[in-house]
Amino acid sequence: MIRAWLNQHWYVFTLTIKRLLSTPITNLLSILVMGIAISLPAGIYTLTGNLPTVSGQISISPQISLFLKQRATQDDIDLIRTKLEEDRLVASYQFVSKDQALYQLQLDNGLTEAVHNLAYNPLPDAFVVDTQNVSADIIDQLRTDMQTWPAIEYAQFDSAWAKRLEALTNFGRVLVFVLLTLLSIAIVAVMFNTIRLQILTRQTEIEVSKLIGATDAFIRRPFLYFGALQGFAGGVTAWLIITFALQILNDELRVIAGLYAMNFQLHAIGYEDTISLLLFTTWLGWLGARASVASHLWQIEPR
Amino acid sequence: MIRAWLNQHWYVFTLTIKRLLSTPITNLLSILVMGIAISLPAGIYTLTGNLPTVSGQISISPQISLFLKQRATQDDIDLIRTKLEEDRLVASYQFVSKDQALYQLQLDNGLTEAVHNLAYNPLPDAFVVDTQNVSADIIDQLRTDMQTWPAIEYAQFDSAWAKRLEALTNFGRVLVFVLLTLLSIAIVAVMFNTIRLQILTRQTEIEVSKLIGATDAFIRRPFLYFGALQGFAGGVTAWLIITFALQILNDELRVIAGLYAMNFQLHAIGYEDTISLLLFTTWLGWLGARASVASHLWQIEPR
Amino acid sequence: MIQLRHVSKRFPDGYMALSNVDLTIDTGEMVFVTGHSGAGKSTLLKLIATIERPTSGSITINGHNIAQIKPAALPFLRRKIGFVFQDHKLLFDRTVFENVLLPLQISGFDRNTATSRIRAALDKVGLLSKENVLPITLSGGEQQRLCIARAVVHRPAILIADEPTGNLDSAYARDIMAMFFSFHQVGVTVLIATHDANLLEDNKHRIIALQQGKLQNDQSMA
Amino acid sequence: MIQLRHVSKRFPDGYMALSNVDLTIDTGEMVFVTGHSGAGKSTLLKLIATIERPTSGSITINGHNIAQIKPAALPFLRRKIGFVFQDHKLLFDRTVFENVLLPLQISGFDRNTATSRIRAALDKVGLLSKENVLPITLSGGEQQRLCIARAVVHRPAILIADEPTGNLDSAYARDIMAMFFSFHQVGVTVLIATHDANLLEDNKHRIIALQQGKLQNDQSMA
Ligand SMILES: Nc1ncnc2c1ncn2[C@@H]1O[C@H](COP(=O)(O)OP(=O)(O)OP(=O)(O)O)[C@@H](O)[C@H]1O
Ligand SMILES: Nc1ncnc2c1ncn2[C@@H]1O[C@H](COP(=O)(O)OP(=O)(O)OP(=O)(O)O)[C@@H](O)[C@H]1O
Ligand SMILES: [Mg+2]
Ligand SMILES: [Mg+2]
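The listed protein sequences correspond, in order, to chains B, Z, V and D.
For the record, in the first sequence the residue sitting at position 25 is 25 according to the working numbering, with numbers rising by one throughout.
In the working numbering, each residue carries its 1-based index in the second sequence increased by 303.
In the working numbering, each residue carries its 1-based index in the third sequence increased by 606.
In the working numbering, each residue carries its 1-based index in the fourth sequence increased by 828.
Just chain B, same shape as in the assembly (with noise of 0.2 Å):
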């Protein structure tokens, strides 16, 4: 009983390979298309995923820089201290007293002759604080606020250019959004016609099978099974463009990642979301089928 439900379905699917490599050029087309349909918002997820990676690095939470008046004290300085301290906005801060800022300054630009003509130290005490990540406007309270601590000669904070970040991301937001419904609208509507092309041609199988006494599981089962491999192969596809894909732009992004000094780099598709990519599509393909052959045996259903 076993042994002839397996001999059956291992029919049905060697007939399927076999289908599939029948039409070669038919079906790899339709296969490359859902691949790249697939692989689009599949690689936006994973650009997506490897998002924190990378702005984690980059450190774009704002920044509030604490300038001091030159004739602050010790006192004022442990005064600000604990104030950071107990904002809760401020994730962390740094000093930089004038005396290292003035020798990062010759560091980092090679000035050592000309700081060392200085007459005096020209630069203020500062404090380097890091935020919490909230909106422009938010910091922009607490920039104004600290403005009027004492002995702060000026509060920097380029709220301008957080607002516009801010703006860019919701744009890009936007974009992806846009991207996406599209691409979902392109993979259904291909696995969909992918599959009625099948049944076009197979209609007089469908029709006889069904005249001489085929259960309706018995047609569904080949197409079920073409649709399913056919999303498979789609999937496989789409995982080999995205890595592909990921792999140029890694070669684009070690530059960028030279510049920051930093070490990262576009991370390949997972193990498990590799697993849930090709269930997905297999899926996909499998519902199509589905919904195609059932329109289509209600169609000749005698009445």
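It should be emphasised that the hints constitute simulated quantities derived from the structure, not laboratory data.
Glycine is no exception: its CB is placed at the ideal position from the N, C-alpha and C atoms.
One should not assume that every hint holds.
Partial list, computed: chain B residues near chain V (C-beta under 7 Å) [said to hold, decoys possible]:
(1) Glu205
(2) Val208
(3) Ile212
(4) Ala214
Pairwise CB distance ranges (calculated) [to be verified]:
(5) Gln311/Z <-> Asp632/V: 52 to 62 Å
(6) Arg939/D <-> Ser735/V: 44 to 54 Å
(7) Ser735/V <-> Asp854/D: 31 to 41 Å
(8) Ile328/Z <-> His670/V: 33 to 43 Å
Based on the hints, put chains Z, V and D with the ligands in the right spot on chain B.
Relative to the frame of chain B, chains Z, V and D with the ligands by itself:
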């Protein structure tokens, strides 16, 4: 004679329309997929066409800030002015006197009181230099030169940022390239498969016509019409998608533009571009049909 | 036993292909259906084979009213019937062997039994030497014989043949008819639609004549 | 005049369907081709209709050797031939009218002439009342008659019919044969492949018998 010819074409045209309508779902889906596939590269093209407008206004061309020594005289300033005039890498420059800077600080940050309390103006005179749009390395070289000019306390150029921007732009360019390659493949594949589907369902028609004496041109005609019409519909769909997407993106851009205190928005596809788009997709459909039918006609040639 | 009571069939375009047909066919009987082209022979056979549904009236097969049968039970009823289609309905992308295999696959036969049965059926219709070719390369008569092999391979209880000898020369037609007779002899109910005068002349079986969708003449009753 | 010289046809799978056939058919002659199922009747007719190409030998139609004809000239030769296909080859997505319209469209007839010709042809085969239905709703015999109407509507110089009465009752078969005779009478060359004994018995025309691809008997020569 001409009337017969016109009649025949008119007949084929109406036949094609009838056929497009006879399997509406399949054809709509094909047209949709084609539209989406076309809309992405066409959309990227439109966005790129918009870039000059936007970037021209944002002005991301590199800037060097020259801070003068406190003791710099009017002669020093004039000398620097002359040197800047002569330098061919300098696109434009602006002198910001220490008084101007202090006033600006007051205005920008509402620090009127704090500034009034200052014993002396701690800010230096400065030049803000817009350079030609050359690579970051060359600008960095220019900055080092300027550092040696007399009366210059410090020449500042955030070369790191410029380099990052440059690298990011490259990254974006590669991303777009990858996308375009994938989508071009997808378009051709969809075109080819749609017409293959047509031919598969009309195999008997091709065969019978051929057997009872139809010329290849006669047999090809309805398929060419079909391909062209479908290509045209795909182009129209792409146009609608792009126009709609630009609408959504413009809403988002209005926010960004507000932040830059500028008034830009993405322009819709122009009149001429629309016509080229439609002509191109129509031509693509026609061509795909021709290739597809030719291979099929050859197969049923008696041997 | 097959029973038709007041059966009418009106097609969606309004054409009345059968009107008010009453008919009883006993189990194991052999019946010929005749009539002009377009008289409704195929329609009658299709109704009995549950391929079409009657517009009105009832059709009972072995006690099951097929108008009331559940769609899920229909396939199992159809497996008891072998149908020789007038337009053959062969699968042109499968070999001759695979075409005959189809009904056995549907009924779930194991491969070995299937193979020997298929060979036997192909041998009977003279196509054993062509088992691995595609039907497109068969001559008209060979295609018809293939369709017959497919209809009998699973040894149905009811055999329905629509114009089974239309493309066959008299020698083959005799062979095929002999085959149908032998099925009849082992208790199979056999229904044959034909206009072949030779088949109808020298036979002692029941002949039903249709004219424009009406039962015109039923020789067994006479 | 149709002339075959040492014509053989071997199919790609190696099967020798016709071997060394010599045959001359005069213009205006009426010829019947007979033989067992699979003897090569259809293959012979297809070779003459330029649907298949001979493996060896030469076929000349009205002086043109069709093995040497340019592919671009082939369609115009085919338009002089009307072919009744054994498997009908109807277009199921076009109405009966449009199916018959096809050869006229191909030859470039104007709409009015076409319409009157189509109506005449459909009337001859008894399908005028069905001109706007799809062929799928036609009975087997009606489909065959439609195929005949399509073959004769453009009044070809050569009419080739492969088993034209296989699905027809004797009344219709007589009508169709009468139609073929009338074409013969107005000078059309008519070739008919058939195994219908009735057609062959009471006729005074030439009968060619094929057996396993070989010309076995040519009554006109006897
Ligand atoms: N699906 C359908 N829709 C409309 N009319 C139909 C349909 N099927 C058959 N008919 C009509 O019903 C009539 C009877 O058809 P049927 O096929 O039963 O004839 P038949 O007796 O088998 O004829 P033949 O000997 O030519 O095969 C025909 O006139 C045909 O046109
Ligand atoms: N394309 C093909 N490839 C291989 N063999 C073929 C092909 N076409 C026909 N044959 C074989 O050639 C032989 C003759 O075929 P043909 O169709 O000429 O027979 P026929 O005389 O018309 O028979 P029928 O009366 O059954 O129609 C058959 O055995 C058939 O299987
Ligand atoms: Mg019938
Ligand atoms: Mg034949």
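Now the hints, each set against the structure:
Interface hint status for Glu205/B: upheld, as the beta-carbon distance to the closest one in chain V is roughly 5 Å, under 7 Å. Checking Val208/B against chain V: minimum C-beta separation of about 5 Å stays under 7 Å; hint holds. Here the hint on Ile212/B is kept, as its CB sits about 5 Å from the closest CB of chain V, short of 7 Å. Look at Ala214/B: its Cβ gets to within about 5 Å of chain V, closer than 7 Å, so that hint holds up.
For Gln311/Z paired with Asp632/V, a C-beta distance near 60 Å keeps the hint of 52 to 62 Å intact. Our hint of 44 to 54 Å for Arg939/D and Ser735/V holds, since their Cβ atoms are close to 51 Å apart. For the pair Ser735/V and Asp854/D, the beta carbons lie near 38 Å from each other, so the given range of 31 to 41 Å is met. For Ile328/Z and His670/V, the Cβ-Cβ distance of about 37 Å falls inside the hinted range of 33 to 43 Å, so the restraint holds.
Checked against the numbered hints above, the structure violates none of them.
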